[in-house]
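2 protein chains.
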Amino acid sequence: MGMTRQECAALDEADGLADIRHRFALPEGVIYLDGNSLGPMPRHVPARIRHVVETEWSDGLVRSWNDAGWIEAPRRVSARIARLIGATEDEVAVADSTSVNLFKLLVAAARLRPDRSVLLYARDDFPTDRYIVESAAEVLGLDAVCAGPDPDALIGALDERVAVLALTHVDYRSGALKAMPRFTAAAHAAGALILWDLCHSAGVLDVGLDAAHADFAVGCGYKYLNGGPGAPAFAYVAGRHLGVVRQPLTGWLGHAEPFAFAREFIAAPGIDRLQCGTPPMLSLLALESALEAFDGVDLAAIRFKSRALGDVFIRLFGERLGAHGFTLASPRDGELRGSQVSLAHPRGYAVIQSLIARGIIGDFRPPDILRFGLAPLYVRYTDVFDVVAAMDEIMARGEWNQPRFLSPKTVT
Amino acid sequence: MGMTRQECAALDEADGLADIRHRFALPEGVIYLDGNSLGPMPRHVPARIRHVVETEWSDGLVRSWNDAGWIEAPRRVSARIARLIGATEDEVAVADSTSVNLFKLLVAAARLRPDRSVLLYARDDFPTDRYIVESAAEVLGLDAVCAGPDPDALIGALDERVAVLALTHVDYRSGALKAMPRFTAAAHAAGALILWDLCHSAGVLDVGLDAAHADFAVGCGYKYLNGGPGAPAFAYVAGRHLGVVRQPLTGWLGHAEPFAFAREFIAAPGIDRLQCGTPPMLSLLALESALEAFDGVDLAAIRFKSRALGDVFIRLFGERLGAHGFTLASPRDGELRGSQVSLAHPRGYAVIQSLIARGIIGDFRPPDILRFGLAPLYVRYTDVFDVVAAMDEIMARGEWNQPRFLSPKTVT
Chain B
1 MGMTRQECAA LDEADGLADI RHRFALPEGV IYLDGNSLGP MPRHVPARIR HVVETEWSDG
61 LVRSWNDAGW IEAPRRVSAR IARLIGATED EVAVADSTSV NLFKLLVAAA RLRPDRSVLL
121 YARDDFPTDR YIVESAAEVL GLDAVCAGPD PDALIGALDE RVAVLALTHV DYRSGALKAM
181 PRFTAAAHAA GALILWDLCH SAGVLDVGLD AAHADFAVGC GYKYLNGGPG APAFAYVAGR
241 HLGVVRQPLT GWLGHAEPFA FAREFIAAPG IDRLQCGTPP MLSLLALESA LEAFDGVDLA
301 AIRFKSRALG DVFIRLFGER LGAHGFTLAS PRDGELRGSQ VSLAHPRGYA VIQSLIARGI
361 IGDFRPPDIL RFGLAPLYVR YTDVFDVVAA MDEIMARGEW NQPRFLSPKT VT
Chain P
1001 MGMTRQECAA LDEADGLADI RHRFALPEGV IYLDGNSLGP MPRHVPARIR HVVETEWSDG
1061 LVRSWNDAGW IEAPRRVSAR IARLIGATED EVAVADSTSV NLFKLLVAAA RLRPDRSVLL
1121 YARDDFPTDR YIVESAAEVL GLDAVCAGPD PDALIGALDE RVAVLALTHV DYRSGALKAM
1181 PRFTAAAHAA GALILWDLCH SAGVLDVGLD AAHADFAVGC GYKYLNGGPG APAFAYVAGR
1241 HLGVVRQPLT GWLGHAEPFA FAREFIAAPG IDRLQCGTPP MLSLLALESA LEAFDGVDLA
1301 AIRFKSRALG DVFIRLFGER LGAHGFTLAS PRDGELRGSQ VSLAHPRGYA VIQSLIARGI
1361 IGDFRPPDIL RFGLAPLYVR YTDVFDVVAA MDEIMARGEW NQPRFLSPKT VT
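Protein chains in written order, with our numbering: chain B, 1 to 412; chain P, 1001 to 1412.
There may be inaccurate statements among the hints.
Unchecked claim - Output of the computed footprint for chain B on chain P, the stretches with three or more beta carbons under 8 Å from beta carbons of chain B: (1) 1094-1100; (2) 1240-1250; (3) 1278-1288.
By construction, these hints were calculated from the structure, which means they are not laboratory data. We put the CB at the ideal spot given by N, CA and C, even for glycine.
Working from the sequences, and respecting the hints, build out all of it.
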């Protein structure tokens, strides 16, 4: 006999993170498995943003840069994110978008290997990462080379021409997790530097950048960090590179003395040199507020639950969905999987639409991937049960076959 | 006899823009002349942001990208800004910060002049502009050259090596206004392209990019556009360049089909190719909402009042402040002046602090500049009278000489 909803309820009962869910304002009747696209809103964010807009901006005006501490906000947010990615707070900058930060760090990394000519990336990584690697290579007069996706092929491509290896930590379609220590060590053995994209891992895994001796990383504020739509991104530079790293977007906030308005650009001594222009303060302060949802939450507990949710999902998939033509598009081994389970189905788009109509929000990635983000802070074991049961029912009843579910529109 | 407060009140009475001031939530007892640092909050912004946070994000979640129209927000904001800078809406992108957009457009412009080796900029322009020009030149292997500040010297430096001339439209210290048609024509006569920084002119002048045949421009959302702290910036590309311009920050939102997640980067056919990553939506939607303050306001009326406010300020300065050791740091001729009057005084820092203590907010720029932004949408002629009268009084009473006003701290 298969796993029951009662068994899942018992897992929720025993879940040490179960109470954290109450920190989020999840709408009634919705099961939200799309935190890898946009995280839900922590409950305390609206009061903070009201204060920022209606008091700090409205009454404080320009004085709030000092009086309300806006000018230090990027550093405060950095400290909160650093803990979640295994870094110290002086190694993390919060600024701009993931893509912009990627460009900064690719150029910075290439400048540390001036005798090398290749920016290497993985064949199946997120499109923006590919586009930016190719563009950075063009600007610098270097070669962008892709290899993999097989790990051995990727590592085999690390030769003496490679300046930087840019890798996505967790694949945005399959949820496959790349072994950070292994790839980092391989890059270093070849004399290259490594740059990790943590968009789909920060906030749901026990990311250990310092422990893996990573060089650089970027990541997203609006997915599993729940910072709100388009929240600022982050950039990590290992402490050993901080004194020498030179990034190309040399805006005034990256200056050693931004308010001196000096003629010459002198980079800030530490991680602040990753800053460029004035940060979008409403979005940045929403991210700061949202990160309080992680207060007191242990990374080991997050990783334990992210894996357990995936294991339950895959077990239920095996028991109930294989017969409907679904196949598993994620690694079965929890060690190799991020906090996500993806299924493939030729009718994937219509099935996702049917689920959304039932209040179960996952998302679809072409050509046939149904993607379910399992954020340990607010997803329950019973949610996982319910989504699999719903798919079983949708297929058994032919619900996906309604005309309104069949025509693709813009999806995010 | 000098100009009286009654005469200024009569000018307010006759001012066709006087009612627009009620669109702003200006705190009681404050005269705000620092819109060139951070614009004040339009009254209707809080309700919009509450809805964005507490309904669109909280309840709509990822569905709001389509259902609440987030995905089209950059284009909606572009259309509003285009009107204020003399462009068509398909020539303006809203994205990232001014500095990041400057980098994009400098690289894009240089690529249109592949046989030329110099990025030219003006000696006294805003520091970020200098830093980014120098960095873009370094990345591209070109030379950054500065000339001026004298207009003839600047134009004289335009030779056959110059790919791009990057100029600040209104000087951030003096408020001096560069003649856009003259410099643009001179750049073109030399075969170069021109890039204007409109940070201190968009929203307070009748900027005419298309009329001047400008090539590129960038500008700020949080100064005279009143979009809130760190609001997204804008970038302008003249229609004739749209089909060929290639910028280096090739993030997914600049792709022709962002949601296809294609392997190859194919730039969006029009201005959307200036986009990079996901925009900070709270800050972007605050900017959109704030721009409604310009509804129905004519650019000619804005320019008329910006000049008249400055003329009144300078007349009152001549009558009341010359004897206290102030000198005029802005052009006396309204034709050559942006929407700002700056004075110089060796005790400038202490005088600005004394004014702030009286609720009159201007700002200080080293070494000795007192800067007063005269935004026609909310500054009154009587405000101008009151600030000059206050400075007269502060000097006559020696108020600036209080210890609490004498020690510089961080200023923004």
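Tested hints:
1. 1094-1100: holds (count 5)
2. 1240-1250: holds (count 3)
3. 1278-1288: Our answer is that it holds, as 8 residues pass the Cβ test (under 8 Å) against chain B, meeting three.
Going through the hint list in order, the structure satisfies each hint without exception.
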